[in-house]
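Peer 1: The lines below spell out each chain.
Number of protein chains: 4
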Amino acid sequence: MIRIAMLGSGFIGRFYTDSLQGYRSRDKVVSVYSRTEKSAKKFAADYYVPHWTTNLEEAIAHPEADVICVALPNNLHEEAVMLCCKYKKAVMVTKPLGRNSVEAKRMLEAAEDAGIFNGYLEDLVYTPKFLKAYDSVKNGALGRILWAKSRETHPGPHSEWFWDLEQAGGGCILDLGCHCVEIARSYIGKDIKPVEVMCWADTQVKPIDAEDHAIGLVKYENGSIGQFEVSWTFRGGLDLRDEVMGTEGTIWINSFLRTGFEMFTTGKGADYVSEKAESNTGWLFPVGDELNELGYNHMFMDMFNSYEKSQQPKETFYDGYIVNAILDAAYRSAKNKLWEPVTLDVWRGKEGVSKDQHLTEYDNEHYLVKEEVTHYGAKKLILKNKSTGKISEKTLE
Amino acid sequence: MIRIAMLGSGFIGRFYTDSLQGYRSRDKVVSVYSRTEKSAKKFAADYYVPHWTTNLEEAIAHPEADVICVALPNNLHEEAVMLCCKYKKAVMVTKPLGRNSVEAKRMLEAAEDAGIFNGYLEDLVYTPKFLKAYDSVKNGALGRILWAKSRETHPGPHSEWFWDLEQAGGGCILDLGCHCVEIARSYIGKDIKPVEVMCWADTQVKPIDAEDHAIGLVKYENGSIGQFEVSWTFRGGLDLRDEVMGTEGTIWINSFLRTGFEMFTTGKGADYVSEKAESNTGWLFPVGDELNELGYNHMFMDMFNSYEKSQQPKETFYDGYIVNAILDAAYRSAKNKLWEPVTLDVWRGKEGVSKDQHLTEYDNEHYLVKEEVTHYGAKKLILKNKSTGKISEKTLE
Amino acid sequence: MIRIAMLGSGFIGRFYTDSLQGYRSRDKVVSVYSRTEKSAKKFAADYYVPHWTTNLEEAIAHPEADVICVALPNNLHEEAVMLCCKYKKAVMVTKPLGRNSVEAKRMLEAAEDAGIFNGYLEDLVYTPKFLKAYDSVKNGALGRILWAKSRETHPGPHSEWFWDLEQAGGGCILDLGCHCVEIARSYIGKDIKPVEVMCWADTQVKPIDAEDHAIGLVKYENGSIGQFEVSWTFRGGLDLRDEVMGTEGTIWINSFLRTGFEMFTTGKGADYVSEKAESNTGWLFPVGDELNELGYNHMFMDMFNSYEKSQQPKETFYDGYIVNAILDAAYRSAKNKLWEPVTLDVWRGKEGVSKDQHLTEYDNEHYLVKEEVTHYGAKKLILKNKSTGKISEKTLE
Amino acid sequence: MIRIAMLGSGFIGRFYTDSLQGYRSRDKVVSVYSRTEKSAKKFAADYYVPHWTTNLEEAIAHPEADVICVALPNNLHEEAVMLCCKYKKAVMVTKPLGRNSVEAKRMLEAAEDAGIFNGYLEDLVYTPKFLKAYDSVKNGALGRILWAKSRETHPGPHSEWFWDLEQAGGGCILDLGCHCVEIARSYIGKDIKPVEVMCWADTQVKPIDAEDHAIGLVKYENGSIGQFEVSWTFRGGLDLRDEVMGTEGTIWINSFLRTGFEMFTTGKGADYVSEKAESNTGWLFPVGDELNELGYNHMFMDMFNSYEKSQQPKETFYDGYIVNAILDAAYRSAKNKLWEPVTLDVWRGKEGVSKDQHLTEYDNEHYLVKEEVTHYGAKKLILKNKSTGKISEKTLE
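Protein chains in written order, with the numbering used here: chain A, 52 to 448; chain B, 52 to 448; chain C, 52 to 448; chain D, 52 to 448.
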């Protein structure tokens, strides 16, 4: 049994606790911190938490708490982490790690200096679909990865602090882009260096200072491209889709709006209130088990199993730092309209990877460009002469 | 912590144990029984089970086992249950409960006489999608339920005993129909009496004595229809789909082949072996988390929570008995080509429910037949005169 | 150029004319008959038809009309056909051919005696998806066909005469079942004799005398099963789906509600009226080109090309008669709850087809029951001893 | 009846002719030009074309040809158009209009100076799904358009000249991007000026000089973003998907790989060859009627109807020129990694459009940021103070 202090009693703190104490879990939240007494008390009552407080340090220092789970607004992550270092408590921080890579790097270095377990709670690389897709990619089902796109768009976040630039540190790039960047990076290879970023961002709809819509391209050292599409202006629910292209295959994942459950309702049936969707009549697409589909269960399983075995979890502060560094480049690019280099003071992956060689030889004199079956059932080849570069067609009966 | 003795070390015993000991579970399998020593030993090693045996009674009587989980071929269910009664152990039995309703009734009565906890492991009414859909239905989103169809078809079961009529007690009707019948019955209402069954069955492909394809209609006392479509001859994977029609809405659920994960692979990538699908190249549709999608996690959570609280779980031997009684009628119908009454010696639901009244009044003289918006944007009504029965059309501008 | 007299100016007459005069068609409607002058005039104006009349015989006898297209309520088909025989005009009749097989047979015999071109306007075996799927089936992509299901359900027909039992001759079985029966029959083989029918039907929702929901099974001489699911009570739009199972493959077709076009709208945008769907906010699934998706274009192309070449079209009165005979058996079955024989006074297909032999030999002593790849990558076989019938398992490394 | 001279007898010439002479068409190809005699003869025989030639001018000058249809490699478009001007023949040119905007502009000016009918054969803005989606967008169903993405990727073109940079003028940007740009531009508004482009392009897989993968963003004067994703390296078939986001709604269109027709085949059935897909076993997704789904029928209907009425078709050389100008900017951007301005010597749309005002007022002091229904059924508002900019939350019971 692991005993957790939950910092934050809002939307994400509740989601985490539903997962942590879900199924037949042996783990337990023993203390909860909230900025307001009312919310702390309600949370403690709802989840049978024996201790609550509005004092951050008190929750972290709580003698029964083995692991500190940080589910606070972005601007409070660093303070919480530093207190965990002080009390030598294992710590897991919600995404994004910092508001920028400077904060993230300070947290990374402090945690490593203190020698404490540090986990980065990036749930979307723990969804069951991602885990299975990732295995297929690693086993070569898609060949060499060329492009990985992740899209997260919805009509805007739930809590008010997200909309405040000071507390949040950014708009939808920081809030949603952190997911997308880590998903694409995982498919491409976490040991491949991200080198530069091009990003468009705009405030198209909302009366806010931060961006509410952005699209970015992240170029990796091996020539692969990661793409993120994020928005707080999407209409239709929570759109969570990934696509991966490789030389030998393709993956498409729809993690929310189209998972195989479809309902039409006229709305005339009594007492029905649909949850989370933008509408509650017409065709709806409920998700069976959101906690599981969104990766929370597998994420905490990895975190806690790793903690018990004194191993590193799949996602650490180091990963959170890399993501922040990529997003920093995205923000600079959105401002100055240039491809911006990713600045990485800390890098633990490969160096100097070059673009893969990829010519397919047909015979001594030709490369194979394409092979296809024609309407008439014959096999058609398109070839390129190695020396002259001339393209030719060849039909095999 | 609940300590389980697992009877059976085959496909389903392993699936159950993956779920029971999955995530951060506090529960543990403490003994395993198998018909062969080799299989028992391998299971014990794979799942860290401290005790194994090839003696059924020894596993059930094991002093540390609180709950007995029966994952044996159909012909061994009754013997196992009777031993659980003898040792007063809580018992959970995989589907179908018996090979027929006579066996099922004996198990039901023995378990209730012995006063032991009895659970019926019908996982497909515990899938996350079912649970959410069921809530919507109960909350009225679909209005009055008219029809519920459940389809389970695949290219045939894994273990050899399924293909043997004596051990299995039937073919795909018993193996798969039990799921479908309970799903439809749940949507229609478990307190509504099933009254008669019409079933077609045939052995179209496989060299076996049992049926490998069947379609059945189950009529309920309130006029609703449950439908099952089952086969061991389907090509394309595991097809698991439900449909529900109500006066105010519709539900479609695809629990396996289309859950939002799509992969294309040429198969040229090294080392890739796809699991469970019929092919491992071309377009594939992997399921992220089979254990969860198939309902095992939520099923055992209900079972064990109920056990700890000394409550009845959602599915008991009583439900298993009702399902067996419906399937008995299906087998009789397939043989004699008549609508066959469902014989229920034990019935704990409503009696004498009549078909719902369902006329929608338009005005004093007319019933409303249909209302629609025309191409021209006008509202068109089709009405029926209450006394003459005459149909007329009326357009509202 | 073919010159058409259109009998009927309602929903289906308009749909037909949109198709007949669509794209860059060389054909033209030259006369229109309607039961009311107002409707005839409006139709003539909308479609630039030079001649209109409320006299049925006048339209049919019209000297410029080469082909008569019957788009009238079911109870008027026979009269129209008899007049075409009198004037020796080519005739095409909308579905169903008759209100029952007695009417259909009279029309079939009269047309053949008169030696006139006769076409049966069953559009749904001309949809582009059906045509392509049918080719695949005929080319063996699915192996031997075991089962073909067609489903057509919606919230009820547009015109008032459908709801009147005398004019329509039946409810949703006749209106929609005629489509489904011909679709399934085409996949199974139009030369294979339908032998018996089991049908459930009920009036579950609408205040009418006819059935508003029905499910039927049609058994063919070779053991294949055709299934129809029809309803006027479905909520969610027009549900038009087919499924085919063969020993080597599967086909699923969604012809309407899920064709790859998805739209979400809050409904706040000005001036938007969605057409045909049950709702006009939330997620909608428009069909790009209804005329083409529903088969009208390919149907008339076959009809007119056949007419010009003095050949039989794919669908003739004979097919309409077979369909009516199957539906007659369905109505009898729904009433008396028995499998009812299909009575065919006219039958031009094969006779005495037996169930296909289908044992797959493994070696001299065994039949192959199933072959699969285990989790461990080994190949597992399930075999049946030819003489003892014993089932065994064999694993190939 | 319109009489056509078809220039080009390859893949696209055949596709065009299948459409032109399809259904019950009144139009006819009367002459065909090909670069090789063998191909010209075969085409003439297959399509019953009375005249063939290997002399370009002869085909254009053919006295019976009313309309010249240019289906030639990109580098031959200009020569063909100039000859049409010389002979004052109506001309329709396949996409892209030119290899660059300089060529396109010369063709535009020559055609307008000669006063001839000019059509730009961009079929993908004529697909039935596009036409319907476009109507919804124009009617306001999606509110103000924020972003429109079009994706076209496949495993590479059929004919050898595409792979040759001199003949083609570019790689997948020119070949596929021209479609995508015009689709997005249409949704956003063809009268809204495209101002700048950011594009990434690379040759990731093929042994060619041109790009085989590219992603681009096109910024319009009103702040809307058009996005294109194009590739010749995609595995899995032809991926043709569009997405549109507006303030009030969303559209997703899948025009090829998921159109509601799904087939699984083991491939053991005799004689089956699947067409166009990358595989012919496993799950396949055939398209019912490719000609119609890809827009050819509706495109030629608009072209020929416009020609007969002496009107401009929806797509003219002017549109082809705008597309070329955008693609030129994309190529420059891919090379120098900057947002590149779109240079338009000819512009006939609006000038000086500013970003739309889009603040939603809540009350005198606040703007509305977001409104949502909480888990508890209460309505929650997020507001922004007009003067202080402070974000606050307000819950309405």
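To be clear, the hints were calculated from the coordinates, so they are not data collected in a lab. Note that beta-carbon positions come from the ideal geometry of N, C-alpha and C, so glycine has one too. The reader is advised that the hints may include incorrect statements.
Said to hold, decoys possible - Think about it this way: if two alpha-carbon atoms lie no more than 25 Å apart in a straight line, the pair counts; the simulated BS3-like pairs of lysine-lysine are:
1) C/Lys-319 <-> D/Lys-92
2) C/Lys-92 <-> C/Lys-140
3) D/Lys-92 <-> A/Lys-431
4) C/Lys-319 <-> D/Lys-431
As the list claims (entries may be wrong) - Label-pair distances were calculated between CB atoms; the ranges are:
5) A/Glu-217 <-> B/Asn-356: 54 to 62 Å
6) D/Ser-405 <-> A/Lys-386: 32 to 40 Å
7) C/Asp-242 <-> B/Asn-356: 58 to 66 Å
Unchecked claim - Computed footprint of chain D on chain C, listed as stretches where at least three residues anywhere in the stretch have a Cβ under 8 Å from a Cβ of chain D:
8) 109-122
9) 293-303
Peer 1: Tell me the numbers of any earlier hints that the structure contravenes, in ascending order.
Peer 2: Of the numbered hints, 1, 5, 6 and 8 do not hold.
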